[in-house]
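*Asks:* Use these hints to put chain X onto chain B, whose structure you have.
2 protein chains.
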Amino acid sequence: MKRIDYIRFAVIVLSLLTVIQAKSQQPDESGMIRKVYNEALTSYEAYHNLEWLCKNTKGRICGRPEAAEAVEFTRQTMNKMGLDSVWLQPIMVKSWDRGEKEIARIVSAKFGTVSVPSCALGWSTGTGDPGLSAKVVEIRSMDELKKKTRREIEGCIVFFNQPMKLTNLGTFTSYGESVWQRTNGPVEAGKLGAVGCVIRSMGIEIDDFPHTGITRYDDTVKPIPAIAISTRAAEMLSDYLAADPGLNFFFRTTCLAGPDVPSFNVIGEIRGSDFPNEIITIGGHLDAWDIAEGAHDDGGGCIQSMEVLRLYLATGIRPRHTVRAVMFMDEEVAQRGGQQYAKEASDKGEKHIAALESDRGVFQPRALAVTGNPSQMKKLAEWQPLFDPYDVKLISGGGGADVGPLKSFYPEILFMGIIPEDQRYFKLHHAASDTFEQVDRREMQLGAAGMASLVYLYDKYGL
Amino acid sequence: MKRIDYIRFAVIVLSLLTVIQAKSQQPDESGMIRKVYNEALTSYEAYHNLEWLCKNTKGRICGRPEAAEAVEFTRQTMNKMGLDSVWLQPIMVKSWDRGEKEIARIVSAKFGTVSVPSCALGWSTGTGDPGLSAKVVEIRSMDELKKKTRREIEGCIVFFNQPMKLTNLGTFTSYGESVWQRTNGPVEAGKLGAVGCVIRSMGIEIDDFPHTGITRYDDTVKPIPAIAISTRAAEMLSDYLAADPGLNFFFRTTCLAGPDVPSFNVIGEIRGSDFPNEIITIGGHLDAWDIAEGAHDDGGGCIQSMEVLRLYLATGIRPRHTVRAVMFMDEEVAQRGGQQYAKEASDKGEKHIAALESDRGVFQPRALAVTGNPSQMKKLAEWQPLFDPYDVKLISGGGGADVGPLKSFYPEILFMGIIPEDQRYFKLHHAASDTFEQVDRREMQLGAAGMASLVYLYDKYGL
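So the sequence lines, in the order shown, correspond to chains B and X. Residues in the first sequence are numbered from 1 upward in steps of one, following this note's numbering. Residues in the second sequence are numbered from 1 upward in steps of one, following this note's numbering.
Check each hint, because a few of them may be wrong.
[What the hints assert, rightly or not] Beta-carbon label-pair distances, calculated as ranges: (1) B:Ser375 - X:Met377: 33 to 39 Å; (2) B:Glu177 - X:Lys393: 23 to 29 Å; (3) B:Ser408 - X:Gly170: 42 to 48 Å; (4) B:Arg140 - X:Ala257: 55 to 61 Å.
Keep in mind the hints are simulated off the structure, nothing from the lab. Built from N, CA and C at the ideal position, the CB exists for glycine as well.
Pulled out of the complex, with its shape left as it was, chain B reads as follows (with noise of 0.2 Å):
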């Protein structure tokens, strides 16, 4: 070995405990993770964002003028934070238009004519101008559908009225066994020759909002108008037809698709200063239904995403790998912005290390997840103790619908994910209800403070 071998060799050796100090011998992070959350307490502008979001651009569905308005105020606002790069990723969308106010009617010989509270379900056929008037059968399981025979469904409305479980603790769970009436139902009255259907509202609670949401039809059969009602418009309709079984409902919606319109993911980020082709996605849905100003579901998310990259500049942290917020275009229809980031990532040669999706309502954070495995989960058990003083678990989960596609081409990609308390989110989901009115400035900061914390300690020491 030559002299300058050893000193090559020394060198190598140092920057490897270099490395192997900084992945073992964390020092205490505890007193930056406070500065990330007071920070986070004491700031209102990502809650002014949120305000200018939801006042502004609500009904932000893909393809609407609302949601070019809400591209554009959110790469504006990136803009002026002072990140590296802010740009505009085009993608292609669905379009669709509710068209006139929906109406919806139970018309029965015993009680009269009631008006209810109904919307069209998302991409639902309209009836047209004359609207539609059936018998109704009403279906309160997957296996009472099951069960029914062409015959007692044809030419009839099917009505789904499943309820959302009570008695489970997340809701999430409850909305998983029963959105399948809403993505499906149409579609499979439909093959049983229905010609309509009346969807209890996926809302958790009993009220007067109609909940709205995507249904999914099929090639094998003609699509059939679908609307949702209120769960009370549900409960009565449901007694009516205990007691009438021969009445009427009618409904007319003039909802209509048209062609696929240019739209955009919007991204910015801040680039590492020692991995900068190593990417952390942080992200959140723009696009929200048409009927809601989407501040829980998902103008919160996207808020939160630009607010951990504010939280960097503002307490000075310098990430090591490239972090990146993204409003994802195109959630709620067809996930054609998450693909299309997935893809565009891919064909430029990009290397995805990690992302975080937060699409669960910006209420008081419970937990943050990550998807690891065995040795990266007990890493991160590690860093617990930094977090008990936020009251926030750290769990297996995270990932999402619109960071879910980079997994195909990256297939060691770590999911990250914020899992905030959940018992009011299915009161607003998809309804007029879900307003900035519902958001408290200081939960949605704490779940922004946390996403931030969590990425920047994944960023600093790995996992």
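*Replies:* This is chain X only, laid out in the frame that chain B set:
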């Protein structure tokens, strides 16, 4: 030993063994607790009762007709529940009338005249018809006040403007640090010759709601009129003072304290099957500030307390000890309800073994608390797995202003409590924003189920 003695001895041993087994070998109670939670999550009764209380007895501060209506409503509600007994416990309470809507204005040569949202502090003396106008001295901390001389304050209005600290995770901590301004500010300012007091509302967010609450005068100094202004108005007044220190503040209040008047605690109980003379009290306070519906403070706590008894009846739990729901009157002013309850208990020779107070809002419960000795806390910890499915921690804490007086008569009494999320609480506390609409049914019911489950275990197995 005679044969009969052997038999007696055997009976005693068997009895002891039964007791020991009951105390140490707790059967799995997860099914019963699940039953309690299921009943709570599927019932609307308590929520509808809260709505009635909020909408029909708004402003039920002690001594007001609305408080009498709340007494009657809760008495009737408990009567209908089929409890073993329901009764009213007479107390005398203070009375006070807010008078005409308060007027408050900044009068600045530089900025003109600006009206600001205001309300008299509870039990404040009024300015009388002409109102009060004076120069303003701003105080931002207790230290700053201590340094002030009579010459600096005399003839002025003291403006207490120490914001609630945003960076505390627990908002009750911030309240504790700032509330001296409201409770003691006016008397301290009075001692230095101030003619009036303006308090920054004890609100955690910047908004337009003035928050009232009790202020305490002192026999040594003449009471001066005191109002709270909204946090946004406080920020504005502070800014204006910086630019125009000579500005005047005008306010007019016609509030007036009256004589003591009769009122009641409302009490309902299920008598214990084994120990009817040993009492567990569960309570909230029925009075609420006159400008508020008092949904979270503390209509919800009262409703939860009644709901615990309803849950017992609905799930077939017959407690071994007597379990009482108490709607305490006059927590907000002089806590006479709590004092009378404790005194009468002692006078009647009742045995009080435990008391649980719910008075921190009815948001999603985070913890149930017990003020136990180390051996009791150890036993409590054994119950933790029963609460894990509901994401509720068993911690040290509990007690409160209404059950507190029991301690002087029953030094061994076990205090319990419920700790909900508190990020939203001090946006609403003592303000017109504390409305029924701010309460989530599931969150309130999860609290009631948690309270019922803790008391169920304590009643059955002791601590």
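*Asks:* Take a look at whether the Cβ-Cβ distance between Ser375 of chain B and Met377 of chain X falls inside 33 to 39 Å.
*Replies:* holds (35 Å)
*Asks:* Between Glu177 of chain B and Lys393 of chain X, does the C-beta distance stay in 23 to 29 Å?
*Replies:* holds (28 Å)
*Asks:* Is 55 to 61 Å a correct range for the gap between the Cβ atoms of Arg140 of chain B and Ala257 of chain X?
*Replies:* At 60 Å between Cβs, range holds.
*Asks:* I want to verify a distance hint. Is the separation of the beta carbons of Ser408 of chain B and Gly170 of chain X within 42 to 48 Å?
*Replies:* holds (44 Å)
Consistency note: the structure conflicts with none of the earlier hints.
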